[in-house]
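Protein chains in written order, with the working numbering: chain X, 1 to 86; chain S, 101 to 186.
Be careful, since some hints might not be right.
To be verified - Partial chain S-side listing against chain X, Cβ under 10 Å, derived:
1. R108
2. E110
3. K112
4. L127
5. P133
6. V134
7. S135
8. A162
9. R165
Since the hints were derived computationally from the structure, they do not count as laboratory data. If you're wondering where the values come from, they're calculated on a predicted model, not measured in any experiment. In this text, a Cβ means the ideal position worked out from N, Cα and C, and glycines have one as well.
Residues per chain are reported as follows:
Number of protein chains: 2
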Amino acid sequence: MKFKAEVRVELKPGVLDAEGKTTQKSLKLLGYPVSNVKKINFYEIEVDVNSAENAKAVIEDACRRLLANPVIHNYGIEVTEMNNSI
Amino acid sequence: MKFKAEVRVELKPGVLDAEGKTTQKSLKLLGYPVSNVKKINFYEIEVDVNSAENAKAVIEDACRRLLANPVIHNYGIEVTEMNNSI
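One chain only, chain X, in its complex shape:
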């Protein structure tokens, strides 16, 4: 079965979000009334396993080993079953 995992990797509170801050500065320079821009890395991943629990376990492991750095990142995972009707 195929599952779609949506993974959201964001910096922990207190860690400098350089990309967010730069975006914020640029938006302000262009005159937009914005504050507190936060940049988040988001991945959509298809996983071939037999259950949603396994899909989540696979992606959790992948987050720890590759997608996130546990020292500076928090991550969230949402798994949904993919429709194979075609």
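Dock chain S against chain X, hints included.
For chain S alone, kept in the frame of chain X given last:
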């Protein structure tokens, strides 16, 4: 009033997602049963305007001018009111 805009900037179908493909290769090398990895840029932005419609208009404009390249990107915007109860 403050509104929180969640902006999702992704490559249009057919445009090479180099970061996604590289992540996919790395995950496969590590032995994960994954396919079709898609990398999406996600921003959380606080907007100081007087209505949700204005917040959306501001962020739409910002997407066209700065956050997305309309030639290669699709973007989606979700606006929610922020709780100022403190």
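Results for each hint:
At about 7 Å, the closest approach between the beta carbon of R108(S) and any beta carbon in chain X falls short of 10 Å, and the interface hint on this residue holds. Against a cut-off of 10 Å between C-beta atoms, the interface hint on E110(S) holds, since the closest Cβ of chain X lies about 8 Å away. A least Cβ separation of about 15 Å between K112(S) and chain X goes past the 10 Å threshold, and the interface hint is therefore violated. With its C-beta approaching chain X no nearer than about 6 Å, L127(S) sits inside the 10 Å limit, and its interface hint holds.
Interface restraint check: P133(S) against chain X, minimum CB-CB distance 4 Å, threshold 10 Å, status holds. Residue-level restraint check for V134(S) holds (minimum Cβ-Cβ distance to chain X is 5 Å; threshold 10 Å). The beta carbon of S135(S) is positioned within 10 Å of a beta carbon in chain X (closest approach about 5 Å), and the interface hint is therefore held. Interface restraint check: A162(S) against chain X, minimum CB-CB distance 5 Å, threshold 10 Å, status holds.
The interface hint given for R165(S) is met, as the beta carbon of that residue sits about 6 Å from the closest beta carbon of chain X, less than 10 Å.
Figure legend: structure checked against the earlier numbered hints; the only hint not met is number 3.
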